[in-house]
Amino acid sequence: MARTNPRTSSFSRNLSSAPSSQSPGLKCGPNGTVVVSSGIPDLDKILGGGFPLGSLVMVMEDAEAPHHMLLLRNFMSQGLVHNQPLLYASPSKDPRGFLGTLPSPASSKDDKSRDREPEQEKGLRIAWQYKKYFGENQNNFDGNRDCSHQYCNDFDLRKPLERQFLSGQHVDCVSIQDSPNLDTIRDRCATFLNKLSRNDGSITSAGRIAIQSFCAPQCKYSNMEWDMLSFIRFLKSMIQSANAIAVLTFPPSLLSPSFSKRLQHMADTLLSVRAIPDEDKDMAKLLTGYQDMVGLLNVHKVARINTQVPLILEATTFSIKLQKHRFLVLECLNQAPVDGSSGTSYSKSSSCSGSSKTGTLDF
Amino acid sequence: MEQKGSSWDVVEQALGLGQMEEEGLPWALGVVLIEDRVETDASFLLHQLLKRSLSSNPSNTIIFLAFSHPFSHYDRILRKLGCNLVVHRENNRLVFLDMRLLQCPDGDEGKTRESGLVALYGKIRKTIHALPDDKKNFVIIMIDDVSLMEVAANGSLDHILDFLHYCHTLTAEFKCSLVMLNHEDIYSNMERPTFILDMEYLADVLIKAEPLVTGLATDVHGQLMVLTNKICHGQGSSRNKKHNFHFRVKENRVEYFYPGSRT
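Going down the list, the sequences are from chains E and W. Anchor point for the first sequence: position 88 equals 88 in the working numbering, and the numbering is continuous, going up by one each time. The number in the working numbering is simply the position in the second sequence, starting from 1, with 1000 added.
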């Protein structure tokens, strides 16, 4: 029972400095990093915990579909729920208006319907004489679940985020459409990150920077490639020495190939999203659950901070699905069997409604 | 460690490191260019060379120009490889120059150049001159990302090439080595990729890291191609060899093996 009494061994990790005890939005990641949640539980699991602080995440947009907004929304909402400072930059006229579209964390009632089923099943299978151990484990398990629940919420895409989260002083919005050069956003990022500089050991809060459609053609600086690159280089070096994380989306198809590659090399974590056509009969035959998919997510690069070992994922392509039209889930692609039943979720705990039904009837 | 024979040695052999060390000679690698891609990061080669050079010969001095990562990142990685960078930095065996905020926006003006790459070159030269005579030949200059250097110079490739050329003259003057990392795929779509071709022309050793054609696997992280095209000073014979390896990166070492030699 080493788990219940972690201090007995001299090799146990000193948990007193773990940031998770101080603030719910932070968690210890691998290699001495601290990770924050991406706002999508499945994506956190895929990336090994979440986005590490001090890293730059880039999302390559689909030029024809707004799927990157799904990732951005959840990322921003998660930060606001954890009361973390947020800087949002977008090429729209009124970036603050976008905050109204952020999703709200799902209420606990919704959660129960999602999570309770496998637990009940587990309860039935445990023999009675192990009940005393079971109680202990149950507590442990619940504690862990609560922690991770706090760390990463399920967001209900249909419900807008409550006003109380948006009214705080720590939300900053910038429009990058009209500024002739990148000085404004550079200054805003610098002032935002200066408040979060990493000078003492304890991390109390983490800032989030979300930049949408960075190289969009409506921005006036969009033909100044080197300026944009030097801004990103500046942002990256600022982020590395701050308790912050930046997510930046850009449309690669509108950029020259070498410029796009340069951006990709600068990213610590590189994702791309792609819409799938509605009526693609070949794809529908090939993949299960094709009807429920809204798009595909590709993981090209996972942040490698303080380590040289690459994280090789089992799969790099995931389907983006909207479960019950509310929750964003990522699933491994499954080749369709003959009957075409629904695929399993990447995370077992959040198995979707379709397959959980078959789970209870399992014999 | 049963795989020792097929570990780092094969790359060492390809670079001819072991022989130079046996004779107590400096690493006369000349210019080493490492090229990688988005899918395969080759920075582990820099870590390996860093570790190897600091631990093998106590005379070796490294000048490290860091454009992409802070010192703490390299310190943690090298610690896992069994090499403490902080101690080496204190002993002046590692000169770590954090270049992440270097900006030399317009290279054409004499004034700004003074504060930019020319000043950087001056610093490197001064560092080498400050070394005692018996250590001057044991200097290795490492640049961790040349493409970010281009960004720092706002795309004025001529100035980067000038800088690299000056560093190249240092390798001739002091017999020191220059190791630099760049990204191949940035240039692969250009009509005239003069910059990377010039760099390849400068290079005595070219190491290319590529993903496997079949995708990355957990036990093979990619493949390396090592091209040596220099005149080996020991034998006087011209070597123009090409080696292919597969590699697998671990926290404390990197395994290299010939394709197909793993079951």
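Note that these hints are calculated values from the structure, not bench results. Warning: the hint list may mix true and false statements.
Claimed, not checked - Pulled from the structure, derived: some chain E residues nowhere near chain W, Cβ distances all over 12 Å:
1. Ala216
2. Asp227
3. His265
To be verified - Simulated DEER-style distance windows between Cβ atoms:
4. E:Pro217 to W:Thr1169: 28 to 34 Å
5. E:Cys332 to W:Glu1090: 56 to 62 Å
6. E:Leu254 to W:Ser1056: 47 to 53 Å
7. E:Pro66 to W:Asn1252: 40 to 46 Å
8. W:Asn1189 to E:Lys285: 30 to 36 Å
Just so we're clear, the structure is a prediction, and the values are computed from it rather than from any experiment. The beta carbon of each residue, even a glycine, is placed where N, CA and C say it ideally should be.
Hint by hint, here is what the structure shows:
The claim that Ala216 of chain E lies off the interface holds: its Cβ sits roughly 20 Å from the closest Cβ of chain W, which is beyond the 12 Å cut-off. Against the 12 Å criterion, Asp227 of chain E falls within the reach of chain W, whose nearest CB is about 8 Å from its own CB. Against chain W, the non-interface label of His265 of chain E is violated: not every CB pair exceeds 12 Å, the least being about 5 Å. Distance hint check: the CB atoms of Pro217 of chain E and Thr1169 of chain W are about 44 Å apart, inconsistent with the given range 28 to 34 Å.
Under the hint 56 to 62 Å, the C-beta atoms of Cys332 of chain E and Glu1090 of chain W, about 49 Å apart, miss the expected range. Between Leu254 of chain E and Ser1056 of chain W the beta carbon distance is about 49 Å. The supplied range of 47 to 53 Å therefore holds. At about 44 Å, the beta-carbon gap between Pro66 of chain E and Asn1252 of chain W stays in the expected band of 40 to 46 Å. One distance hint, 30 to 36 Å for the beta-carbon pair Asn1189 of chain W and Lys285 of chain E, holds here, with the actual separation near 34 Å.
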